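Engineer: Mind docking chain L on chain V? Use the hints.
There are 2 protein chains.
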Amino acid sequence: MKLVAFDGDDTLWHNEPLFWATQDRFKALLEPYCPPEHLAERLLATEVANLGLFGYGIKGFVLSMIETAIQVSDGQVPNTVIHELIERGKHMLAHPVHLLDQVAETVATVKAGGHRVILITKGDLMDQEAKLARSGLADLFAAVEVVSEKDEALYRRLFAKHGSGCEACVMVGNSVRSDILPVLAAGGWAVHIPYAGPVWAHERAEPPLHHPRYARLDGMGGLPGWLSEQ
Amino acid sequence: MKLVAFDGDDTLWHNEPLFWATQDRFKALLEPYCPPEHLAERLLATEVANLGLFGYGIKGFVLSMIETAIQVSDGQVPNTVIHELIERGKHMLAHPVHLLDQVAETVATVKAGGHRVILITKGDLMDQEAKLARSGLADLFAAVEVVSEKDEALYRRLFAKHGSGCEACVMVGNSVRSDILPVLAAGGWAVHIPYAGPVWAHERAEPPLHHPRYARLDGMGGLPGWLSEQ
Numbered sequence: 001m002k003l004v005a006f007d008g009d010d011t012l013w014h015n016e017p018l019f020w021a022t023q024d025r026f027k028a029l030l031e032p033y034c035p036p037e038h039l040a041e042r043l044l045a046t047e048v049a050n051l052g053l054f055g056y057g058i059k060g061f062v063l064s065m066i067e068t069a070i071q072v073s074d075g076q077v078p079n080t081v082i083h084e085l086i087e088r089g090k091h092m093l094a095h096p097v098h099l100l101d102q103v104a105e106t107v108a109t110v111k112a113g114g115h116r117v118i119l120i121t122k123g124d125l126m127d128q129e130a131k132l133a134r135s136g137l138a139d140l141f142a143a144v145e146v147v148s149e150k151d152e153a154l155y156r157r158l159f160a161k162h163g164s165g166c167e168a169c170v171m172v173g174n175s176v177r178s179d180i181l182p183v184l185a186a187g188g189w190a191v192h193i194p195y196a197g198p199v200w201a202h203e204r205a206e207p208p209l210h211h212p213r214y215a216r217l218d219g220m221g222g223l224p225g226w227l228s229e230q
Numbered sequence: 001m002k003l004v005a006f007d008g009d010d011t012l013w014h015n016e017p018l019f020w021a022t023q024d025r026f027k028a029l030l031e032p033y034c035p036p037e038h039l040a041e042r043l044l045a046t047e048v049a050n051l052g053l054f055g056y057g058i059k060g061f062v063l064s065m066i067e068t069a070i071q072v073s074d075g076q077v078p079n080t081v082i083h084e085l086i087e088r089g090k091h092m093l094a095h096p097v098h099l100l101d102q103v104a105e106t107v108a109t110v111k112a113g114g115h116r117v118i119l120i121t122k123g124d125l126m127d128q129e130a131k132l133a134r135s136g137l138a139d140l141f142a143a144v145e146v147v148s149e150k151d152e153a154l155y156r157r158l159f160a161k162h163g164s165g166c167e168a169c170v171m172v173g174n175s176v177r178s179d180i181l182p183v184l185a186a187g188g189w190a191v192h193i194p195y196a197g198p199v200w201a202h203e204r205a206e207p208p209l210h211h212p213r214y215a216r217l218d219g220m221g222g223l224p225g226w227l228s229e230q
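Chains as they are written, first to last, in UniProt numbering: chain V, 1 to 230; chain L, 1 to 230.
Bound conformation, chain V alone (with noise of 0.2 Å):
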């Protein structure tokens, strides 16, 4: 494999449960407008909606939860909840970046086997700069490439870019929605390692449990011996 790349949140770092715990939080808030089973729904259908103009972040995540909250208490909910929402924004924003287990390891030994590394990562440009530099695992990398949405065109452009088509190309991610169905589309191999916890709804989709490319790790500590198999 001439290129290894690597899905950033939730494969190299924690990171939905930032956007869970705040999202506990927003529920706690807006109980006495809504009951919290139906907000979570009304959440994500404001998320989806606004994910064309918002892109993925937390920014945007916090003005949908703004909006939610406005829609679902008809206007009574009060300016200290939006504050504290805006709060927690940048709380999150700020947060330390917590690796998975055995990532640093694992991405040094797999560039040190000779394969180029590269970053490959949905999100904020800020936030994502700010979570790698935090992460110390930016010098690991040859290049990194914060995208706006990962399809099967990004892949092949990308693939193409830093590495020599993509019969030689592997992503490594937990996303089988953004990580793994657009790369095997577009010729690459995927290495999936699920995340442990609930996935974002709109981030949902059946593995390929069978595709010839497709592989399942139960964490980092793998991927060595899987790559040196391929």
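Derived from the structure by calculation, the hints contain no laboratory data. Owing to the predicted nature of the structure, the values given are computational and were not obtained by experimental measurement. Some clues are possibly wrong.
Identical chains blur together in the list; that is why a pair holds if it fits in one copy or across any two.
Here are the simulated DSBU-like pairs of lysine-lysine, each with C-alpha atoms no more than 35 Å apart in a straight line [what the hints assert, rightly or not]:
| hint | residue 1 | residue 2 |
| --- | --- | --- |
| 1 | K27 | K90 |
| 2 | K90 | K111 |
| 3 | K2 | K90 |
| 4 | K161 | K111 |
Structural biologist: Frame of chain V, contents of chain L only:
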């Protein structure tokens, strides 16, 4: 000149007027709580304080407006106002891109003249990609770099990546602070095309009028002539 790099906002297309129009409406909405001349000052202070976490762009601007609205009204601003600020943000994000005079012809002429042409723009990844797509200029650029901050190190890196050393690269932009001073510091050339209209206070800086690698043009139309003289 081997490489000609263009800034996007207020160099290739109008951008500031969108922010000023929203800010005018913001002042009108908040007038019951804060005199307009103080409000601008309070908003700028909030924006600058949030820049490190939010970066540049419309979503951060909206969040800073909401934060300022709650502050200056002592929590009295109604939800209808906050909701309108979010909707105005979406309106800004979806706004058509209006090119400045002679931009399309000039970029095409420069490219046809054998220069490598790229775009270096600050801001939100998704927003900038969408604007470039709507501008109709995307095919003219050999590369597009959306960056979170423009400093000397950034220009050194991008001029090495896309050009062949700073002394054969020129940056064309409207912001003295972001497009001119750091480029000259890096050893490159800088062409300043001031935007007709007020400059965001955070971007204001004195132009280096007598620097040997600095030029000031009244509009895009003068660029091919300037390039041919170098």
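Engineer: With reference to the structure, classify each hint as holding or not holding.
Structural biologist: For each hint, the structure was consulted:
Taking the closest pair of Cα atoms, K27 and K90 come within 35 Å of each other both inside a single copy (18 Å) and across two copies (25 Å). Taking the shortest Cα distances, K90 and K111 sit within 35 Å of each other inside one copy (34 Å), while across copies they are farther apart (42 Å). Proximity of K2 and K90 under a CA criterion of 35 Å is satisfied in neither setting, with 39 Å inside one chain copy and 42 Å between copies. Both within a single protomer and between protomers do K161 and K111 lie at most 35 Å apart by alpha-carbon distance, with minima of 18 Å and 22 Å respectively.
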